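Chains as they are written, first to last, in my numbering: chain P, 1 to 151; chain S, 1 to 347.
Derived by calculation from the structure, the hints in this document are not laboratory data.
Check the hints yourself; a few may be wrong.
[Stated by the list, open to error] Where chain S lies over chain P, by a calculated footprint (3+ residues, C-beta under 8 angstroms): (1) 17-31; (2) 35-43; (3) 72-85.
Nothing here was measured: the structure is a model prediction, and the numbers come from that model.
Using N, Cα and C, we set each Cβ at its ideal position, and we do this for glycine too.
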Amino acid sequence: MIIPINIAIPGPSSVRQLPPQFAQFGTGEVVLVELQGALEVDGDLKDQVVGKLSVDIETKKPSLRIGHHLLEGKLVTLPKPLAVMHRAKVAVSTTEGDAMDDSDQTLDSSPPQWDIIAVVKRKMVFAKRPMPMVGRVLPTAPVDIPSSGLE
Amino acid sequence: MVLSLVIKGQPNEDAVLCTSDKTYTLRSVVLSNSVLVVTPPPAGSTTNSSNEDIVIRDQLHEVLELMPCLPKLQKLNGLLRGREYDEGQEETEGMEDGMEDDRPVKRPKFTYEDAREILQASDNELSRGLKEKRVLTLNGDLRPIAAPHLTTILELLLNYLVSLSLSHASAPVEELAAALEDDHDIKRDISRQVMTWFGEVKNGRWQLDVNTTIKEVGLGILRTYKDDPIAEDEFLQKWRSTVGDTFESIVDLKLLSGNYLTSPKPFTNPPVLMLVYFPASALPPDPGARFADLFLTRSRWKADDITPFLADIVVDNKERDKLLLKFARAITDSEGVWYTARAKYNG
Numbered sequence: 001m002i003i004p005i006n007i008a009i010p011g012p013s014s015v016r017q018l019p020p021q022f023a024q025f026g027t028g029e030v031v032l033v034e035l036q037g038a039l040e041v042d043g044d045l046k047d048q049v050v051g052k053l054s055v056d057i058e059t060k061k062p063s064l065r066i067g068h069h070l071l072e073g074k075l076v077t078l079p080k081p082l083a084v085m086h087r088a089k090v091a092v093s094t095t096e097g098d099a100m101d102d103s104d105q106t107l108d109s110s111p112p113q114w115d116i117i118a119v120v121k122r123k124m125v126f127a128k129r130p131m132p133m134v135g136r137v138l139p140t141a142p143v144d145i146p147s148s149g150l151e
Numbered sequence: 001m002v003l004s005l006v007i008k009g010q011p012n013e014d015a016v017l018c019t020s021d022k023t024y025t026l027r028s029v030v031l032s033n034s035v036l037v038v039t040p041p042p043a044g045s046t047t048n049s050s051n052e053d054i055v056i057r058d059q060l061h062e063v064l065e066l067m068p069c070l071p072k073l074q075k076l077n078g079l080l081r082g083r084e085y086d087e088g089q090e091e092t093e094g095m096e097d098g099m100e101d102d103r104p105v106k107r108p109k110f111t112y113e114d115a116r117e118i119l120q121a122s123d124n125e126l127s128r129g130l131k132e133k134r135v136l137t138l139n140g141d142l143r144p145i146a147a148p149h150l151t152t153i154l155e156l157l158l159n160y161l162v163s164l165s166l167s168h169a170s171a172p173v174e175e176l177a178a179a180l181e182d183d184h185d186i187k188r189d190i191s192r193q194v195m196t197w198f199g200e201v202k203n204g205r206w207q208l209d210v211n212t213t214i215k216e217v218g219l220g221i222l223r224t225y226k227d228d229p230i231a232e233d234e235f236l237q238k239w240r241s242t243v244g245d246t247f248e249s250i251v252d253l254k255l256l257s258g259n260y261l262t263s264p265k266p267f268t269n270p271p272v273l274m275l276v277y278f279p280a281s282a283l284p285p286d287p288g289a290r291f292a293d294l295f296l297t298r299s300r301w302k303a304d305d306i307t308p309f310l311a312d313i314v315v316d317n318k319e320r321d322k323l324l325l326k327f328a329r330a331i332t333d334s335e336g337v338w339y340t341a342r343a344k345y346n347g
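Please model the complete structure; the sequences and the hints are all you need to start from.
Listed below in structure tokens is the structure:
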């Protein structure tokens with residue numbers, strides 16, 4: 001079996017970009033955020049707000065506020081670059097908003113295809129213990145789980 | 001240049017990733033932390049919040065790591081077994097297609113595309129592998145050429161270069177192919193393919209790759225000494241006379257490294273070195289089995305003697321030294337470094 005991998009890195013102007021302060025942690029399209037442990041969510045993941053991720057303009061340090069906890073992170077260069085792959089034409093669960101034809105029957109028999117959507121050389125790492133919040137509000141970008149849901 | 005990547009493998013194999021010219025093993029590495037893949041919200045998202053929103057697309061607990069590896073071409077030997085093309089098959093194979101229908105079903109074709117589908121190797125590595133295994137493409141069918149027949153063709157080519165007073169740096173392909181066909185019934189198509197294996201064909205001119213050709217001729221002679229050794233001098237003599245005056249100076253035992261074993265003939269003075277055909281390509285590709293085989297053949301090896309038999313299973317010298325550390329024990333004495341088997345099972 002031969003599974004093709006396409007390079008589908010969008011050009012800088014084509015899609016919505018991450019806010020510029022995040023781009024330094026990855027690419028314009030993808031940032032990897034490493035957490036100790038995992039995000040645990042009760043019930044439906046869709047459309048839930050996780051917390052607020054912000055980057056300090058002067059120190060360039062990221063911080064993540066989840067509920068009453070504040071995590072401080074740092075920028076780490078990956079030992080080897082990682083390619084972020086996305087299954088190109090896939091069954092039900094992934095529905096990219098933009099048009100994807102529904103000729104699923106023909107797709108089933110053909111081998112799956114993967115797209116490399118970004119090549120990432122850095123990641124944002126939150127390795128420290130969370131600190132309890134002391135009633136300070138940060139200027140921010142809220143982090144959502146998209147309506148399309150997780151894969 | 002367009003970068004093209006593919007993942008290849010049969011369901012029962014470990015998948016590999018191939019670029020156009022290299023092969024990598026894919027290994028899953030489990031992460032103790034979790035990694036969130038964060039992107040801008042998808043276009044047309046229902047979350048109608050501000051521009052600054054970012055979304056978590058996925059939470060990962062493993063990544064795939066790539067390690068360079070050798071193309072997995074060993075299966076080719078099995079796939080090509082029984083498909084050998086030998087002298088004298090011209091008549092049956094050259095038959096026009098029209099007759100095929102009446103005859104019993106022939107063995108199905110095995111094409112380049114089939115090989116590409118089955119073998120875990122990049123396109124360049126596969127093409128090179130087919131060339132190195134001396135595989136002809138006849139009407140799309142892959143047919144390894146019988147070794148003696150190949151030697152015959154090469155010897156003829158060398159002879160004709162001389163007798164037609166052609167330059168081996170630029171010889172007309174058609175003239176040579178025609179001569180072989182007219183005098184020896186060797187099809188032009190086959191001569192042409194052989195010429196591309198042993199040199200470069202450009203604009204109808206063939207530039208002979210002298211070393212590769214002389215080596216192949218030497219192998220052809222050596223191959224007959226699989227069980228009874230031949231004295232080094234006698235062998236070199238034969239080799240030189242076969243390649244002719246022009247190429248005599250190229251003949252060197254080093255060209256055949258990894259294809260023979262030497263041993264001193266007992267009770268001779270001055271000592272006579274005996275050669276026996278022992279090709280690395282016939283040894284098992286798996287490192288453990290390869291070492292077991294080598295140490296069965298000889299209980300101890302000089303470093304310089306064993307390395308030619310490892311060259312085809314490692315990516316580089318660093319990996320070779322790793323294998324030597326793992327599977328062999330090094331002993332240093334006055335004669336230098338010797339390798340012996342690491343584990344001895346003589347209970």
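Looking back at the hints listed earlier, which ones does the structure fail to meet? none
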